[in-house]
Amino acid sequence: MDPNLLTSLNAARRGRQAAILITGLDDGSSRLVMRGDTVTGDLGAALSKAFLSGKSGTVETEHGRYFLNVHLPAPRMVIIGAVHISQALAPMAAMTGFDVKVIDPRTAFATEDRFSSVDLVADWPEDALSDRPIDAFTALVAVTHDPKIDDWPLISALRAQAFYVGALGSRKTHAKRVERLAQAGLGEDQIARIAAPIGLDIGAQSPEEIAVAILAQAIAALRKDPGGA
Amino acid sequence: MTSRDSIRTDALPSGGSAEDQLDPLMLAERWMRDGRQVAMATVIETWGSAPRPVGSHLVIDADGNFTGSVSGGCVEGAVIAEAADVIASGAPKMLEFGVADETAWRVGLSCGGRIQVYLERVG
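Chains as they are written, first to last, in the working numbering: chain P, 1 to 229; chain U, 230 to 352.
Only chain U is shown next, with the shape it has when bound in the complex (with noise of 0.2 Å):
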């Protein structure tokens, strides 16, 4: 189910806490609930090896909190850092990271792919 070649299909998300734990806009819906302001990050586009595919998620709360991913880890705190912002203002932002740029570099993908990932605030 993780090639992107083929039928994406979401694992089934239930009401079980467990699950919606790990689960990316479940946590977000809850978050939301309990009054906490939330952005949410989306991989939109890969080029080369990437390490997430396409519509992965990584949801951030104004604290830094997080769940799910848009790589291996390797951007996550870069992404994590722009949350701030965007919660803040508003506004949503299209961030790239891949090996091109020194950015990139620092925060880089192992992989040697590039990703864009686009940011935005729930509410």
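With the rest of the complex left out, here is chain P (with noise of 0.2 Å):
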């Protein structure tokens, strides 16, 4: 293997975005992939679906027997809003793999002794995710219902495409967010992605309920086909 493609698969992984590392198993060749570069053919339909499955394997091509090995960021959580659902959901996210962040601006909220190890930072969104932007792997969780803190995020995550978007509140509430978040210039079906009420309905009542509800749901938007989602 041409070593300059090792590092560029590193830079990718680095940089969190989803690459396939072709190994050809009939003259040893090899070839690196990212998503949304175009291949035709057997190969190109064998790596759409790679990527979406995030399964690696052998696959029989009219040219030979090729191995895609499927490089996937982690998945992320981005809790906005250091609340009593939060407490229950950042350690329970953690444990089902998601890289957790937490952040609130507001200090009383955002205290060690209410997350103890959990990643949380007591500062806006806009400065707690200026070096770590949300991606099309993170899960963007807005819980704060506050439109000073909670809009910037939905708007950032909406635009990057993040992979499951959730907003708690009233659908009183909801409706005067779509209505800011259209004027701030994000289109219908963007905003319509939007879980909101937030969660799968389980009949959540207290935070800890609404914790699973909710972390269900961002796994269901994970693990399942969108197509079939």
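Mixed in with the good hints there might be a few duds.
So the derived label-pair ranges between C-beta atoms look like this [to be verified]:
(1) U:L251 <-> P:A182: 42 to 50 Å
(2) U:A291 <-> P:K148: 53 to 61 Å
(3) U:G277 <-> P:E188: 43 to 51 Å
(4) U:A291 <-> P:E112: 46 to 54 Å
(5) P:D26 <-> U:W276: 19 to 27 Å
(6) U:S278 <-> P:G28: 28 to 36 Å
(7) P:D42 <-> U:M323: 17 to 25 Å
(8) U:P282 <-> P:G28: 16 to 24 Å
(9) U:G293 <-> P:T61: 33 to 41 Å
(10) U:L251 <-> P:T61: 29 to 37 Å
(11) U:P282 <-> P:G203: 30 to 38 Å
Note that these hints are calculated values from the structure, not bench results. Where a beta carbon is used, it is the ideal one built from N, C-alpha and C, also for glycine.
Now that you have both chains on their own, put them together as the hints suggest.
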């Protein structure tokens, strides 16, 4: 394998970009394909499928046998609001394999006491996320109810096509939110991606139960084929 | 994140050296930069209960230093031994381990699974 391919693959992984390393098992050739690259034929179809499923494996094509090693970034969960629900959600999401960050500029909420062993940032989302912006492999959970805090990360997540975007709030609160986001220039389709009311409908009542409903919904968005979700 | 029926996601590799030590591909890149000769083994296919999923890597240098894994430690020794050949010749090899043949029994997979490993030189 060409060492430059290894360098490019590692750069993609560091940069949280989805990539597939293709190895030709008949001729020992190697090639790196990024999500969005155009590849025709049987191989192209297999690549599209692999980017969706995340599964590595061998494929037989008209040009021979290939091994596809799929590299997808680890899913992140960014929780806006260091509230009671987040205290339950953050550790549960971490247990499930999410790389979790809780953000709340209100220092009364964002305290070490309430969030031990959680990556907690007491700052505005704009600043807290400047070094690692929301991307397609991020679940954004906005639970402050406060437009001053929630709106920016919601807009940012929808533009970045985050795989899950959920926002807490009554239908009335959400209707107003929809108006604000439309004014901010987001399309109807984009806004419709927000899970609101947030969480799977399991009749959750306590903050812990709501956390379960949110986590289950985020996992479904991650694991289920977008076409079948 | 370990089930083969779900999306496999990489642990996020950072620039930090501790994580790079544990990430075979990052370490292989560093070894290359340091001028070391490197072979990379990849699990291509698994049957039965194999300990490491398809796509897992073991990287080996010319002195037999290695990191990563292609099994739970059962067949790494055999892969490392083959790596010297591959580094010398540059020709990739397909290795197969399982309970079915005698070599496999000697270096065997205790879990009773079978794995196919592709071994190639980087560079």
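Quick rundown of the hints versus the structure:
1. U:L251 <-> P:A182: 42 to 50 Å: 46 Å, holds
2. U:A291 <-> P:K148: 53 to 61 Å: 59 Å, holds
3. U:G277 <-> P:E188: 43 to 51 Å: Holds, since U:G277 and P:E188 (Cβ atoms, about 50 Å apart) stay within the stated range.
4. U:A291 <-> P:E112: 46 to 54 Å: The hint (46 to 54 Å, Cβ to Cβ) holds, given that U:A291 and P:E112 are roughly 48 Å apart.
5. P:D26 <-> U:W276: 19 to 27 Å: 21 Å, holds
6. U:S278 <-> P:G28: 28 to 36 Å: At 30 Å between Cβs, range holds.
7. P:D42 <-> U:M323: 17 to 25 Å: Cβ of P:D42 to Cβ of U:M323: about 21 Å, so the range 17 to 25 Å holds.
8. U:P282 <-> P:G28: 16 to 24 Å: 23 Å, holds
9. U:G293 <-> P:T61: 33 to 41 Å: 36 Å, holds
10. U:L251 <-> P:T61: 29 to 37 Å: 34 Å, holds
11. U:P282 <-> P:G203: 30 to 38 Å: For P:G203 against U:P282, whose Cβ atoms are near 37 Å apart, the range 30 to 38 Å holds.
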